[in-house]
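Asks: The lines below spell out each chain.
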Amino acid sequence: MSELVLATEGGDEMTLNMGPQHPSTHGVIRFIIKTDGEIIREAEPDVGYLHRAIEHIAEKCSYEGFMPYTDRVDYVAAMTANHVWAEAVERLGALPVPPRAHYLRVVSDELSRIASHCIALGAMAMDVGAITPFPYCLREREYVNDLMEELCGARLTYNYHRVGGVGWDLTDIWRDKVLRFCDHFDGVIEEFNRLITYNPIFIKRLARLAAVSTAEAIDFGLVGANLRATGFAYDLRADRPYALYDKILPRISWQTPVGKGEVGEVGDAWDRFWVRVEEWRWSVKIIREALAQIQETPHEFWTPPKKLKPKGEATARVEAARGDMHCYVVGDGGTNAYRARFRTGSFNAIAMVREKSAGLMVADLVALIASLDIVAPEIDR
Amino acid sequence: MDAQAVFDLVAARFGDAVSAFSAGAPKDATFVIAPDRLVDVMTYLRDDPALRFDFLQNVTAVDWPKEQRLQSVYHLFSYTHRHEIGVKVNLPRAQPRVASLASLWKSANWLEREQYDLLGIVYEGHPDLRRLMMPDDWLGHPMRKDYKEATEYRGMPTTRPSPMNLILAYDKAHPTAAKKDGPA
Amino acid sequence: MARLGIALVCLALAPNVSAQASDAFVRDVRPTTLERGDTLVVECPGLVPVGTASVLIKGRFDGAPTLDGLVLTGRAAGGERVLVDVDQPLQARVGHPLRITDAAVEVEQYVGGTRTTWRSRPGEALTLTLFPRTFRNLTTALGDQVASSPGLLGHIPLPFVAAALMLLVALVIHLLIAPITGIVVVWERKVSGRMQSRFGPNRVGPRGWGQWLADALKLITKEDLIPSDADVALFRISPYLVWVGVFATVVTLPLSQGAIVADMNVGLLYVISVTSLTVVGILIGGWSSNSKWSLLGGMRSAAQIVSYELPAALALLQIAVLAGTLSPQEIVHAQGGLPHQWFIFANPFAFACFFIYFIAALAEGNRAPFDLPEAESELVAGYTTEYSGFRFSIFSLAEWTNMYVLGTIAAMTFLGGWNVPFVAAERLAGSPLLQGLSLLVMVAKVVTLVFVIIWIRWTLPRFRVDQMMTLCWKYLVPFAFAAFVGTAAWVWLLHALPALDLIMRWAMFAVGGVGVFLFFVGRVVHNFRATKLLHMDGKHFVMPFVERYIDKRLP
Numbered sequence: 001m002s003e004l005v006l007a008t009e010g011g012d013e014m015t016l017n018m019g020p021q022h023p024s025t026h027g028v029i030r031f032i033i034k035t036d037g038e039i040i041r042e043a044e045p046d047v048g049y050l051h052r053a054i055e056h057i058a059e060k061c062s063y064e065g066f067m068p069y070t071d072r073v074d075y076v077a078a079m080t081a082n083h084v085w086a087e088a089v090e091r092l093g094a095l096p097v098p099p100r101a102h103y104l105r106v107v108s109d110e111l112s113r114i115a116s117h118c119i120a121l122g123a124m125a126m127d128v129g130a131i132t133p134f135p136y137c138l139r140e141r142e143y144v145n146d147l148m149e150e151l152c153g154a155r156l157t158y159n160y161h162r163v164g165g166v167g168w169d170l171t172d173i174w175r176d177k178v179l180r181f182c183d184h185f186d187g188v189i190e191e192f193n194r195l196i197t198y199n200p201i202f203i204k205r206l207a208r209l210a211a212v213s214t215a216e217a218i219d220f221g222l223v224g225a226n227l228r229a230t231g232f233a234y235d236l237r238a239d240r241p242y243a244l245y246d247k248i249l250p251r252i253s254w255q256t257p258v259g260k261g262e263v264g265e266v267g268d269a270w271d272r273f274w275v276r277v278e279e280w281r282w283s284v285k286i287i288r289e290a291l292a293q294i295q296e297t298p299h300e301f302w303t304p305p306k307k308l309k310p311k312g313e314a315t316a317r318v319e320a321a322r323g324d325m326h327c328y329v330v331g332d333g334g335t336n337a338y339r340a341r342f343r344t345g346s347f348n349a350i351a352m353v354r355e356k357s358a359g360l361m362v363a364d365l366v367a368l369i370a371s372l373d374i375v376a377p378e379i380d381r
Numbered sequence: 001m002d003a004q005a006v007f008d009l010v011a012a013r014f015g016d017a018v019s020a021f022s023a024g025a026p027k028d029a030t031f032v033i034a035p036d037r038l039v040d041v042m043t044y045l046r047d048d049p050a051l052r053f054d055f056l057q058n059v060t061a062v063d064w065p066k067e068q069r070l071q072s073v074y075h076l077f078s079y080t081h082r083h084e085i086g087v088k089v090n091l092p093r094a095q096p097r098v099a100s101l102a103s104l105w106k107s108a109n110w111l112e113r114e115q116y117d118l119l120g121i122v123y124e125g126h127p128d129l130r131r132l133m134m135p136d137d138w139l140g141h142p143m144r145k146d147y148k149e150a151t152e153y154r155g156m157p158t159t160r161p162s163p164m165n166l167i168l169a170y171d172k173a174h175p176t177a178a179k180k181d182g183p184a
Numbered sequence: 001m002a003r004l005g006i007a008l009v010c011l012a013l014a015p016n017v018s019a020q021a022s023d024a025f026v027r028d029v030r031p032t033t034l035e036r037g038d039t040l041v042v043e044c045p046g047l048v049p050v051g052t053a054s055v056l057i058k059g060r061f062d063g064a065p066t067l068d069g070l071v072l073t074g075r076a077a078g079g080e081r082v083l084v085d086v087d088q089p090l091q092a093r094v095g096h097p098l099r100i101t102d103a104a105v106e107v108e109q110y111v112g113g114t115r116t117t118w119r120s121r122p123g124e125a126l127t128l129t130l131f132p133r134t135f136r137n138l139t140t141a142l143g144d145q146v147a148s149s150p151g152l153l154g155h156i157p158l159p160f161v162a163a164a165l166m167l168l169v170a171l172v173i174h175l176l177i178a179p180i181t182g183i184v185v186v187w188e189r190k191v192s193g194r195m196q197s198r199f200g201p202n203r204v205g206p207r208g209w210g211q212w213l214a215d216a217l218k219l220i221t222k223e224d225l226i227p228s229d230a231d232v233a234l235f236r237i238s239p240y241l242v243w244v245g246v247f248a249t250v251v252t253l254p255l256s257q258g259a260i261v262a263d264m265n266v267g268l269l270y271v272i273s274v275t276s277l278t279v280v281g282i283l284i285g286g287w288s289s290n291s292k293w294s295l296l297g298g299m300r301s302a303a304q305i306v307s308y309e310l311p312a313a314l315a316l317l318q319i320a321v322l323a324g325t326l327s328p329q330e331i332v333h334a335q336g337g338l339p340h341q342w343f344i345f346a347n348p349f350a351f352a353c354f355f356i357y358f359i360a361a362l363a364e365g366n367r368a369p370f371d372l373p374e375a376e377s378e379l380v381a382g383y384t385t386e387y388s389g390f391r392f393s394i395f396s397l398a399e400w401t402n403m404y405v406l407g408t409i410a411a412m413t414f415l416g417g418w419n420v421p422f423v424a425a426e427r428l429a430g431s432p433l434l435q436g437l438s439l440l441v442m443v444a445k446v447v448t449l450v451f452v453i454i455w456i457r458w459t460l461p462r463f464r465v466d467q468m469m470t471l472c473w474k475y476l477v478p479f480a481f482a483a484f485v486g487t488a489a490w491v492w493l494l495h496a497l498p499a500l501d502l503i504m505r506w507a508m509f510a511v512g513g514v515g516v517f518l519f520f521v522g523r524v525v526h527n528f529r530a531t532k533l534l535h536m537d538g539k540h541f542v543m544p545f546v547e548r549y550i551d552k553r554l555p
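As given, the protein sequences belong to chains S, D and H, one line each in that order. Per the working numbering, the first sequence starts with residue 1, numbered consecutively. Per the working numbering, the second sequence starts with residue 1, numbered consecutively. Per the working numbering, the third sequence starts with residue 1, numbered consecutively.
I should point out that these hints are in silico values taken from the structure, not numbers from a laboratory. Accuracy of the hints is not assured; some may be wrong.
[Unchecked claim] Which residues of chain S face chain H? A partial, calculated answer using Cβ under 7 angstroms:
| id | residue |
| --- | --- |
| 1 | 13 |
| 2 | 16 |
| 3 | 127 |
| 4 | 168 |
[Unchecked claim] Pairs of lysine-lysine residues, derived as DSS-like cross-links and limited to a Cα-Cα distance of at most 25 angstroms, are as follows:
| id | chain 1 | residue 1 | chain 2 | residue 2 |
| --- | --- | --- | --- | --- |
| 5 | S | 60 | D | 106 |
| 6 | S | 34 | H | 190 |
| 7 | S | 60 | D | 66 |
| 8 | D | 106 | S | 309 |
| 9 | D | 88 | D | 172 |
| 10 | D | 172 | D | 148 |
| 11 | S | 285 | H | 532 |
| 12 | S | 260 | S | 204 |
| 13 | D | 106 | S | 34 |
| 14 | D | 172 | S | 309 |
| 15 | S | 311 | D | 145 |
| 16 | S | 60 | S | 311 |
| 17 | S | 309 | D | 66 |
| 18 | S | 247 | S | 60 |
| 19 | D | 88 | D | 66 |
| 20 | D | 148 | S | 60 |
| 21 | S | 247 | S | 285 |
| 22 | S | 285 | S | 60 |
| 23 | H | 222 | H | 292 |
| 24 | D | 66 | S | 311 |
| 25 | D | 172 | D | 66 |
| 26 | S | 306 | S | 60 |
| 27 | D | 106 | S | 311 |
| 28 | S | 204 | H | 222 |
| 29 | D | 66 | D | 145 |
| 30 | S | 260 | S | 285 |
Predicted, not measured: the structure shown is a model, and the values here were computed from it. Glycine included, every Cβ here is placed at the ideal spot set by N, Cα and C.
Bound-form chain S, shown alone:
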């Protein structure tokens, strides 16, 4: 950002420097806001403060050795980043994956999605001023972290998926615990809805805020819950199945949750919130179904690749917590990737902030950022 923001301004415009250290930029992002009093004329996102050159690191590690770094692509929902890398490399090397591994990937992805939405929804409520939903969400996320810890030994950066499978099998006790958590979490969603989702002030703050139309969303490349909130039913899990989602979703009579404009316009910030709450519900159902089906699979959970030196290029798309995560990997016949590229949901979403922020108030900008579920490390990588 070459334009240094100076203290002197002319006219009735004030330049506010929101971030890089600010309570509600969800990581280290900076917004250069030009305001007229409380009303924003333009908010220009400035990213890159968390750029760790993960794509460059991929060129220096072996395919398997890069797996822990993918955790850092999106550390709020690390499983899906694991998954997209594993899937991309498997497609590149045409590697087999045992069905049990697919189920375990589904279960761990969905648990990770629940945990990620806990952060997203809790933080959004907190940005709008309601503090209590956040610790509620964190409490539930702690349960998920407990489960993850028992599954793979880590609470945040899991490094669970492997090229050709997953790292560890589940135990029967763990399965019971997850099912118990699912039963518990159904109630939590109801409680959460009563506490915040249908709170009149909350609705007042978010209804009709920064509504995005479907055409606009596709043009800007919004993915995941942000796209579905515009009323457009597209979910990779259902529409372009990977892992074994195509065996699971029909069994639970899946319907892609889309924004309906229940309290305002279709595609407003409240719809984005609500769609994520609904995704919680579906995640719980998917986990139950996957854990039922996993009983019938053989116990093989990992086919370690031998001499992994693929050539060519492959892409993988996974429905991550922040939507369609796209991974492009090029191999040149060596043990390392020649080029790896992640395109994440937050990256496209943050590009939208500038267009949508004009005319909002400062408080609305915070809600807009939160409603797009922007996670700084995912943008910068």
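For chain S, the structure is supplied; the task is to place chains D and H on it using the hints.
Replies: Relative to the frame of chain S, chains D and H by itself:
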């Protein structure tokens, strides 16, 4: 529509401008476009009712120093028809310039900015071609294969001594280190 | 000094007199001592606020000395009131109302050679009630004491003595209020902790209740940072303005029947006006910090407090209409111990006004859902962004004291204040036990209200600036005006049909009190049943946040 059909449609219309189709299931189907026809082909891909690639998923650049070329890779997806394709443009490494797609897809804006920043492809006609990840006064494009990092940036060293070396140096200086039969 | 101390004790226990007549003519006589040389206030419509007036009270006590021909002369003050000097001591026992039967009151006034006379209707009764001398008289009485018998202090000019006394009182207030504030802070943190499935502070002192001391100590010992390019003088002064604005209100707030610093006759007006000082402080603090977040916070606060003063004052105006006075103690006197005697249930308009006042007071105190000036997710910390150490602690001190002030005002004006159920206000005076009980009643009401404030803060999201303004100007202000007209009409109606009063009060209590409470309980029970949350700890999970760090195997 499968990738071969997509390519056939495009090839029928643009002839020599498109080439090198590779249908690589489970890998990706891609074809190469001549740089000067990029916008035409992309507009066709986006607007033709049978193709309707409305979602620009990804813009990537790949550096191939041996062949002296930079490759700009576009991944397209159609929400309407649920098909996808990869498109490549080969550019000379010395002067990698290609037309920007920001006027076709708004998502191209930031995706191209990032590739410009990290690999130095100049997207001509881009509305706001600034660095995205690196500071504006950064020199070079770090994702290029031959990139050498400067030793310092604005007086700040870009490397630091390895903590391991510090420990080793400390061990060497330690009085017990001189003894041959000291603690291991 | 010993003599001063004795005088203090004596004066604190000496009786006060309040007179209430059933006649509208001498409707409200201020509580005052009827001792030789003291002042009695007689209200009389049509008095000209200049010149002298004489009041003649005829009648006799019930089985006590006659009052025949008690002539009092004084100065007409404030329109309908005359302050008269009592030149004849009245003897009565504390807590026992004196009823002057056959009271006849004549007020004569000479203005510019014209004599005007007002008479009450004959055959009316006038009640004089004796109260123990309240704390409000302490400063005045001490001053009088020093003036009448100089002693050691006699060598010092009276203004200095008065100033010293004020300082003494201020010190007492601070020593009393600062711990209350600290405890409210810890309590809020504990309540919020419970609401969020975690423990609040639980390390310092017994069960964490000493946390406020540790916090204060930490804040005081921190460096007092002043941003470069800040307006240093204004930056420094701003916390104190906020502080004064909040603490000055404490002076007129009664804690119990006998505990009030200064029972001003303009008490309510004083409270409303003096709180405005905080907005000056916040605005100055926001502006002088040389930070844009502070500035935005300051501007929001100015807009917010200035706007919400209006509905708050209008809501309190109903109380002035209902009680016929602005003095805090008399407002409490005008209510009773039982809920239906409270002003909140006096009529539907007063009921609405309680909520209008409560909402407006939340906004004035920058409490959620109106905590926009310090909205931490938007403005970092609003006007306190650049403050640190002691100055920052002053801001928080003021904020949490304000919660107590808010609770006290609401309890005093709408919820019957310190009145004890089934005990007449007059009888409280005689017994220390009953005094303590009245203190407890008041504290219980304040604590309940403060709890509600905390509860609201940790439940609701924050309004946006424009929505906050909309709520104020489009809803609260018009409703408050309408309620004012309604209350005035109701009071006027009651003059014609006094029996309506009790019917309305019981009806309001049944609907507004019992009905709302039952609805609330019903909702809570429904919600409990609707959600089945499994118990997640024990062998399945460890409790997040808490038990993870407690190894139970340790002895």
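Asks: Run every hint past the structure and note whether it holds.
Replies: To see whether the hints hold, each was checked on the structure:
Given hint, residue 13 (chain S) at the interface with chain H, is violated; its Cβ is 12 angstroms from that chain's nearest Cβ, farther than 7 angstroms. Proximity of residue 16 (chain S) to chain H holds as hinted, the smallest CB-CB distance being about 5 angstroms (cut-off 7 angstroms). With a least beta-carbon distance of about 4 angstroms to chain H, the hint placing residue 127 (chain S) at the interface is held under the 7 angstroms criterion. Checking residue 168 (chain S) against chain H: minimum C-beta separation of about 20 angstroms lies over 7 angstroms; hint violated.
A C-alpha spacing of about 32 angstroms is found between residue 60 (chain S) and residue 106 (chain D), which places the hinted pair above 25 angstroms, so the restraint is violated. Note on residue 34 (chain S) and residue 190 (chain H): the hinted pairing is violated, with a Cα-Cα distance of about 40 angstroms set against a maximum of 25 angstroms. The straight-line distance between the Cα atoms of residue 60 (chain S) and residue 66 (chain D) is roughly 18 angstroms, inside the 25 angstroms bound, and the hint therefore holds. Note on residue 106 (chain D) and residue 309 (chain S): the hinted pairing is violated, with a Cα-Cα distance of about 37 angstroms set against a maximum of 25 angstroms.
A C-alpha spacing of about 55 angstroms is found between residue 88 (chain D) and residue 172 (chain D), which places the hinted pair above 25 angstroms, so the restraint is violated. A hinted pair counts as satisfied when its Cα atoms are at most 25 angstroms apart, and residue 172 (chain D) with residue 148 (chain D) does not qualify at roughly 32 angstroms. For the proposed pair residue 285 (chain S) and residue 532 (chain H), the alpha carbon gap of about 17 angstroms is at most 25 angstroms, so the pair holds. Among the hinted pairs, residue 260 (chain S) with residue 204 (chain S) is consistent with the structure: their alpha-carbon atoms are about 16 angstroms apart, no more than 25 angstroms.
Restraint check for residue 106 (chain D) and residue 34 (chain S): satisfied, since their Cα atoms lie roughly 22 angstroms apart, inside the 25 angstroms limit. A distance of roughly 41 angstroms separates the Cα atoms of residue 172 (chain D) and residue 309 (chain S); the hinted pair therefore is violated under the 25 angstroms criterion. A threshold of 25 angstroms between alpha carbons decides the hint, and for residue 311 (chain S) with residue 145 (chain D) the separation of about 18 angstroms falls inside it, so the pair holds. Pair hint residue 60 (chain S) plus residue 311 (chain S) holds up; C-alpha atoms about 16 angstroms apart against a cutoff of 25 angstroms.
Only pairs whose Cα atoms come within 25 angstroms are accepted, and residue 309 (chain S) paired with residue 66 (chain D) is accepted, the gap being roughly 19 angstroms. Taken as a hint, the residue 247 (chain S) and residue 60 (chain S) pair is broken in the structure, with Cα atoms around 37 angstroms apart against an allowance of 25 angstroms. Our distance criterion of 25 angstroms between C-alpha atoms is met by residue 88 (chain D) and residue 66 (chain D), whose separation comes to about 18 angstroms. Between residue 148 (chain D) and residue 60 (chain S), the direct Cα distance comes to roughly 15 angstroms. Compliance with the 25 angstroms bound is thereby established for this hinted pair.
Only pairs whose Cα atoms come within 25 angstroms are accepted, and residue 247 (chain S) paired with residue 285 (chain S) is accepted, the gap being roughly 13 angstroms. For the hint pairing residue 285 (chain S) with residue 60 (chain S), the CA-to-CA distance comes to about 40 angstroms; that exceeds 25 angstroms, so the pair is violated. Between the alpha carbons of residue 222 (chain H) and residue 292 (chain H) the distance comes to roughly 24 angstroms, so the proposed pair stays at or under 25 angstroms and holds. Proximity of residue 66 (chain D) to residue 311 (chain S) is assessed by CA-CA distance (about 16 angstroms); at most 25 angstroms being required, the pair is judged to hold.
Among the hinted pairs, residue 172 (chain D) with residue 66 (chain D) is inconsistent with the structure: their alpha-carbon atoms are about 44 angstroms apart, more than 25 angstroms. At most 25 angstroms may separate the alpha-carbon atoms for a hinted pair to count; residue 306 (chain S) and residue 60 (chain S) meet this at roughly 19 angstroms. Between residue 106 (chain D) and residue 311 (chain S), the direct Cα distance comes to roughly 32 angstroms. Violation of the 25 angstroms bound is thereby established for this hinted pair. With a C-alpha separation of about 41 angstroms, the suggested pair residue 204 (chain S) and residue 222 (chain H) falls outside the 25 angstroms cut-off, and the hint is violated.
Between residue 66 (chain D) and residue 145 (chain D), the direct Cα distance comes to roughly 10 angstroms. Compliance with the 25 angstroms bound is thereby established for this hinted pair. Our distance criterion of 25 angstroms between C-alpha atoms is met by residue 260 (chain S) and residue 285 (chain S), whose separation comes to about 21 angstroms.
The structure fails to meet hints 1, 4, 5, 6, 8, 9, 10, 14, 18, 22, 25, 27, 28 from the earlier list, while all remaining hints are met.
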